[in-house]
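Protein chains in written order, with this note's numbering: chain A, 1 to 237; chain B, 1001 to 1759.
Honestly, the hints are just simulated from the structure, not real lab data.
Some hints could be false.
Said to hold, decoys possible - Quick list of simulated restraints, FRET-style, between CB atoms:
1. B:D1548 <-> A:T174: 48 to 56 angstroms
2. A:R67 <-> B:D1555: 43 to 51 angstroms
3. A:P71 <-> B:V1458: 53 to 61 angstroms
4. B:T1496 <-> A:N93: 46 to 54 angstroms
Said to hold, decoys possible - Interface residues of chain B toward chain A, partial, derived using beta-carbon atoms under 10 angstroms:
5. D1149
6. G1150
7. I1528
8. L1568
9. A1571
10. T1586
11. P1589
12. M1613
13. N1615
Said to hold, decoys possible - Residues of chain A placed beyond 10 angstroms of chain B at every Cβ, according to the derived structure:
14. Q12
15. A23
16. R67
17. P74
18. R135
19. P149
20. T167
21. R206
22. Y217
23. S218
Remember, it's a predicted structure, so these values are computed and weren't measured experimentally.
Every residue gets a Cβ at the ideal spot worked out from N, C-alpha and C, and that includes glycine.
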Amino acid sequence: MRIAILEDDDVQAAAVNQLLAGAGHACQPFMTGRALVAALRRDTFDLLVLDWNVPDMSGVEIIGWTRRNMPAPPPVLLLTSRADEGDVVTALNAGADDYVTKPAQPSVLLARVAALLRRAYPDRGGGVETFGAYRFNLAAQVVTIDDEPIALTAKEFGLALQLFRNTHRALSRTHLLEAVWGRNPDLPSRTLDMHVSRVRSKLRLRPENGFRLTPVYSYGYRLERLDGDGDTLAEAS
Amino acid sequence: MAALSSIVLLLAVLGGAATRLDNLFYDAMTRLSARPPSADIVVVAIDNRSIAEIGRWPWPRSEHATLLRRLAEAKPRAVAYDVLLVDPDRDPAVDADLAAAVALTPTLLPASFDVPGRDGAPYEIALPVRPLRAAAAGVGHVNVAFDADGVVRRAFLSQHAGDQEWPHLMELMARQTGGGPSPTWRAARPPAAAPDTPPGIVRTRPVMVAYGARPGDIRTVSFVDLMRGETPAEVLRDRLVLVGATADGLGDRYATPLSGGEEVMPGVEMQANLLDTLLSGRAVRPLDRTPLALFALAPLWVVLAGFLVLRPRANLALGLAVAAVVLIGSGLLLVFGRIWAPPAATLVALALVLPLWSWRRLEASSAFMTTELRRFAAEPDVLPTGAATARPAGEVIAQQMDLMEAALEQARDLRRFLHDVIQGLPDATVVLAADGKVLVANRAAENLFAAIAGRAPVGETLDHLAAALTPQPAADGEVETEATAPDGRTFVVRRTPLLTARGGRAGEIVRYADVTSLKAAGRQREDILQLLTHDMRSPQVSILALLDNHPVAPDLSTRLRGYARRTLDLADDFVHLSRAETASLTTEPVDMVEVALDALDDLWPQSQAKSLMVNGPDADTPLLVAGDRGLLTRTLINLLDNAIKYTEPGGRITCDVRLDESRSPPRVVCTIADTGRGMPPEEAAQVFERFRRARGEANRGVSGAGLGLAFVQTVVQRHGGAITCESRPGEGTRFEIVLPRLDQPDEPEPESDSLAALG
Chain A
1 MRIAILEDDD VQAAAVNQLL AGAGHACQPF MTGRALVAAL RRDTFDLLVL DWNVPDMSGV
61 EIIGWTRRNM PAPPPVLLLT SRADEGDVVT ALNAGADDYV TKPAQPSVLL ARVAALLRRA
121 YPDRGGGVET FGAYRFNLAA QVVTIDDEPI ALTAKEFGLA LQLFRNTHRA LSRTHLLEAV
181 WGRNPDLPSR TLDMHVSRVR SKLRLRPENG FRLTPVYSYG YRLERLDGDG DTLAEAS
Chain B
1001 MAALSSIVLL LAVLGGAATR LDNLFYDAMT RLSARPPSAD IVVVAIDNRS IAEIGRWPWP
1061 RSEHATLLRR LAEAKPRAVA YDVLLVDPDR DPAVDADLAA AVALTPTLLP ASFDVPGRDG
1121 APYEIALPVR PLRAAAAGVG HVNVAFDADG VVRRAFLSQH AGDQEWPHLM ELMARQTGGG
1181 PSPTWRAARP PAAAPDTPPG IVRTRPVMVA YGARPGDIRT VSFVDLMRGE TPAEVLRDRL
1241 VLVGATADGL GDRYATPLSG GEEVMPGVEM QANLLDTLLS GRAVRPLDRT PLALFALAPL
1301 WVVLAGFLVL RPRANLALGL AVAAVVLIGS GLLLVFGRIW APPAATLVAL ALVLPLWSWR
1361 RLEASSAFMT TELRRFAAEP DVLPTGAATA RPAGEVIAQQ MDLMEAALEQ ARDLRRFLHD
1421 VIQGLPDATV VLAADGKVLV ANRAAENLFA AIAGRAPVGE TLDHLAAALT PQPAADGEVE
1481 TEATAPDGRT FVVRRTPLLT ARGGRAGEIV RYADVTSLKA AGRQREDILQ LLTHDMRSPQ
1541 VSILALLDNH PVAPDLSTRL RGYARRTLDL ADDFVHLSRA ETASLTTEPV DMVEVALDAL
1601 DDLWPQSQAK SLMVNGPDAD TPLLVAGDRG LLTRTLINLL DNAIKYTEPG GRITCDVRLD
1661 ESRSPPRVVC TIADTGRGMP PEEAAQVFER FRRARGEANR GVSGAGLGLA FVQTVVQRHG
1721 GAITCESRPG EGTRFEIVLP RLDQPDEPEP ESDSLAALG
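The following block holds chain B by itself, in its conformation from the complex:
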């Protein structure tokens, strides 16, 4: 847009598209800066009175000769005789007489350029008749240059016709005072081609005429008065005298900037103004192309640059200011600098660019808003009710307003929704802003903090509010912590960071879940376990102690012992299972080979008593899993214990640990197999259920509560593993535990310090 407007403006300026406006401004400024012409200039007017007294024009040449002689008596500095005397008189003596009169004073005569010329020539130069030409001090052209509106503002000081250069008559006049060419002549650079010239004629050295005198302002002497000697000689002495016609219907008349379109100025007065211009050096010089272009474009660029950085209001002010500066600057340049820089094109450009640009801006912001609103409308809505937005219809602005309204409505709904959701949360919940202060608190949170901190939470920092809560030590990496209120309630505190759409930190949601009743339930469980571990076990222990120390029939003693043991085992198994299900796992790297050895060692007396052949693991490298060593050991003990129980004396038990690398990732597989009595497949499928024991006559007398395998399964599953059972009646049972292997590259190297030991 900037480039386009610049180009258009440049063409307008150089092509003179706004000339008429410029002319108006120029004429106004000219009238403002008008000043009286020099007193050195005197016009001898061939006026209506002269015509009336001397007779009808043209006059006999003798009249002119008479006048010139009169003039010569008054000794003016020079005379410009603006009367065409191009045709020879019928009597050559008359011309000779006139030539003699011409020679008395430095007299300048005009030449006429007739266009078109004779016989199809483009022009013809009509010179004064030969004797006059010889007697004259010089011959100059008197052509005027009309502007497009018919007003004469310029003159060309020089006119080339063929090889010959004709200076303007007034330039020649000016040279009569100073000798050489006038300063204006020297300053005026010839333009490449002046407009409106006939072919073959080249006009150069343009000058804007500085009109100082309105028609009639110049000191004027009537031709007839001078001829009759009624004019004092002092009026003309040492003056520059212009002789020309002012009478109605005689001679040429021109519209000038001073005439304001009403009066016209006689040619001779216009010439006087030109002469005054040349003498005073007040000629106005039109700007050359390059400075002209700069003068026109610079203000536009300033305003365009302003668009980029300023707000619309400031832009308008800038535009108006620049326009004023251009106008005033142009006026000042004209009045004081005598330089003509036309402002109109720039003003017009500014007047066009300002609204155009504002429109573009509006258009762009409107388009942006519409796009954003449409995108917002297209985003998935969290609220199911928000889907009923009708397609926008109607006028464009109405559409945009509809979109805007829908977006606002959605935002309102969302806010309401958010508020309701937070209020509806069962736990005390506060939303923290990025600065850590409470932004939103639901009713439960208000009640909580009213109870423990005695104030409303909104606007307070959390540290302040939660000062009354005693935090419980939390395990590393836990997002939830526990805190106890002074009134005994226990809360689980969970902090969740809130993110902005771009991932920045917007705040935090802190939730206080009241777990007091959960805690109470936990304590109750503890009490039950306590009952089982101690209060139920203790009597059994006493029974066993009594049997040890008192004589009882051996058969009865064995059976009593059996029942007491079973009760103890039941209590133990129940406690173990309960712990395996609920206690938090404390995992560490555990070598399953060691675990298998521990279990085998633990049951060595039992296997020994039944003379069973026991094959332990033969892996010589640790096979690590992440686990709870105690639970894993008890798991294998339970399985081995079963194997020992259900295998006849002399049978074989295998407990192997190996790495199964066929799986990905590799797994640690622990196998416990026996050659015992086995069980049918449907029974094998149910072995892990609680309180299920091998039924049947053969199994009577085998102790066990049926919780051992449930414990095994629970532990294996909690370690992320799996357990399977294969069994065939009469052939034996095989349990396989598959656990995820722990990758621990930093397994400590065996210390090779045996040398140090020797030293």
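Chain A extracted, bound-state conformation:
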């Protein structure tokens, strides 16, 4: 996949470039926002990895530019030095598809990039979807863990499927509510939290089982798949 990287610090740009190239992606680094915008006018990229703070244009501004000027804007992963959750939500609400806080763990960065690409360019098949030990039978609406059936309600099944299909991706509350409950608004805000809580406990989505379900500050939830050490499991794309 062709990935554009915006990063004004060349050491960090080189590190990201090296990491993503190692995963088989074709990367092109840009030092300024203007250079990136100029490239976006004549070239096509499958994914943008943007630094929040570059001197001339912020990552958020470039997201705005792509939304306004490109018919099919590519997904955007924001790299941010901002440790403050409030800023992260601002970026997500502005249109970023996901974010990674610097310094990024290589596995995390790779997993998020893979998730975004999988989402944007899906390759789906069959009535059964398997995620490690978890097997979702869509026709029967049944989940099994290592062939042990787990009793889920229809909403819990739908919610779990959404989370697993978007592993490593931050899903907004609105997205989850619409995907599972449909466009029927005015649910108590606790409804989603309660269902997430039950999915977490029923499906045992805990680090010791290789999955971690984390809330994204006042935005939504993200399901992460971990390796045996508790680090994010980077998937080959």
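Based on the hints, put chain B in the right spot on chain A.
Below, chain B without anything else, positioned relative to chain A:
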């Protein structure tokens, strides 16, 4: 007061207390309405000339007989011979002769009621001598009724003595013309008891005599002229003839309403007037008790009712008008209705009630004003200087004026005070009236609106004035809003309703606080945080990236990484703490069990790496608090991170969330305990201070900036909770967070739609 005055008036009217005044009025009206007597009445007067020519009184009875014969020749209709002929003459023949003369014409004779009578009897009736009585057409009484002032206004047409009723001589006379009893006789109802009567005698059928003739007005013929045949017969023919004495010193004389207290009227003329009254039917009838009481009370009641609804001025006019109506009404009734309704008592009552009532009114309003003023003076004064009011002394009115002056002074001071306070406020402040228009504006407000609206604010509506201000979206329920002026200044607008003493809406105070410099300070802080988050972090990130991708001696690489990480953590902790202290909390229902799970999951790699045994919460129901999930999660992460750092591999960490129902109200308690190295109590007491880290040789190499626990404490306190730390060296540390539980009865029920899932 109304009842009292009514009773007094009633007693006065029925008891005749104002009779003298009434009599004056009656006499005046009588004089006004006097009219010549009927020509049918002729008086044959025993006058001075007759006495002079015939001789000294009493005359021989033969003289009377002669006169009666002369009269009979002239053929009058009837004769009333008002001369007492009660003692028999020495010669019975004389009486017989006189009786024969009496019989020639229908002649009526008077009887006398002597009081007291003989031998101790209360009275004695002296009748004409027997032959005369037999010859006469009738015998009547001639008693007169004096009023208290000695004036004769009334006559009683009937007098009962024992079983016998004696009509008045003139009533009998009147019957001679019409046959039956006169209409006046029939109309006059007998009173229960007439005053001033001797016992045994009952006078009934009172009549007010309608005097028409002044003394001498009646056609009069001299006795001696008639006797000598010098009077033409036509003068007497078919007339009603009264014979009586008018000579000085002879017969009876009475004061009448016509006499005006100077002249007196001979009895015979008075009788003539009575006869005229009876013949003409112009008798005046006194009002009966009930109508009399009504006539007296009604005007009083009208005036009293007027007091209730009218202003004092109108009241006076009403009182005067009613008095005039009473007086004129009484006069008209007397002259045209021939009814006597005495007005004086009512007039007197009115004259008394008007000033009395006015006095009561004044008294009441004065008392009310004094009470109110005293209450006002007793109210706590907002102004400390107003306390120097001396006790009122001196005369009552002077006291009231002092009180009034003090109250006014206080009001003036208060107004001044209010003005100064508003003027002295540092922020632009306007006071709105209930209609939304600006009532008062201080100097700062005048300057502000002169700058943004170009006009003075007083009298304008606020919407008009503030049109140039751009309001900022406000959070729900905030009383303060922000607005930006065209010149870039930012104002916090606060509207406070004003209430009247009774709780009604009197207006509003609107304050514009200039927060431009505060905003600038806020922006400066943002800039510092921005510097910390990005500009300080970025080089550290680059260092870490360089270490990842370049060969460095492993020992050096680890130490460089450590320092870079510490710098990053310091920046992060500083930003977090700063946000926790200043950012507004966005609270939502948060399940602390989930928060604990989130924190444990976040640190799972670290606890895993140290092979620590981690016990998570085992509560199976949500324990809700109202809070910021991100801040609360980071709080527990910080505590757990500390626990992991200071616990040796193989140790145990417990993170429990439970509901403490022993407290009231129940609290959510979150405990994080480790079996780490612990610390002495004096150190535990200071763990929440900034930049404080566990000291000592053993702790060297443990990363951390010392802001983590300060953050924890800040967040817990901002959530209305409390945090405590217990620690013992070598045994471990235990943090306990106590948060208020959120009562949320509408926790959504788990959906039981598994059946739908199967279908």
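**Asked** In terms of Cβ atoms, is chain B entirely out of 10 angstroms range of Y217 of chain A?
**Response** 4 angstroms, violated
**Status of Q12 of chain A, Cβ more than 10 angstroms from any chain B Cβ** = 5 angstroms, violated
**Item:** chain B versus P149 of chain A - minimum CB to CB distance exceeding 10 angstroms, so not interface
**Value:** 12 angstroms, holds
**Request:** Examine each Cβ of chain B, and state whether all of them lie more than 10 angstroms from the Cβ of T167 of chain A.
**Result:** 15 angstroms, holds
**Asked** Any CB of chain A closer than 10 angstroms to the CB of N1615 of chain B?
**Response** This hint is violated: N1615 of chain B lies away from chain A, its Cβ roughly 13 angstroms from the closest one there, beyond 10 angstroms.
**Asked** Taking C-beta pairs only, is R135 of chain A more than 10 angstroms away from all of chain B?
**Response** Holds: least Cβ distance 16 angstroms, greater than 10 angstroms.
**Prompt:** Is it the case that R67 of chain A keeps its Cβ farther than 10 angstroms from each residue Cβ in chain B?
**Reply:** Its Cβ never comes within 10 angstroms of chain B, the nearest being 23 angstroms, so this holds.
**Asked** Regarding the hint that P1589 of chain B lies at the interface with chain A, is the smallest CB-CB distance below 10 angstroms?
**Response** Where the cut-off is 10 angstroms and the nearest Cβ of chain A is about 5 angstroms from P1589 of chain B, the hint holds.
**Item:** Closest CB of chain B to the CB of A23 of chain A still more than 10 angstroms away
**Value:** Per Cβ check, A23 of chain A is outside 10 angstroms of chain B; nearest 15 angstroms; holds.
**Asked** Given I1528 of chain B as an interface hint, is the shortest Cβ-Cβ distance to chain A below 10 angstroms?
**Response** 13 angstroms, violated
**Asked** Minimum Cβ distance from A1571 of chain B to chain A below 10 angstroms?
**Response** Hint on A1571 of chain B: holds, closest Cβ of chain A at ~7 angstroms, below 10 angstroms.
**Prompt:** Are P71 of chain A and V1458 of chain B spaced within 53 to 61 angstroms by their CB atoms?
**Reply:** Given about 59 angstroms between the Cβ atoms, the range holds.
Hint compliance for this structure: hints 1, 4, 5, 6, 7, 12, 13, 14, 21, 22, 23 are not met, and every other hint is.
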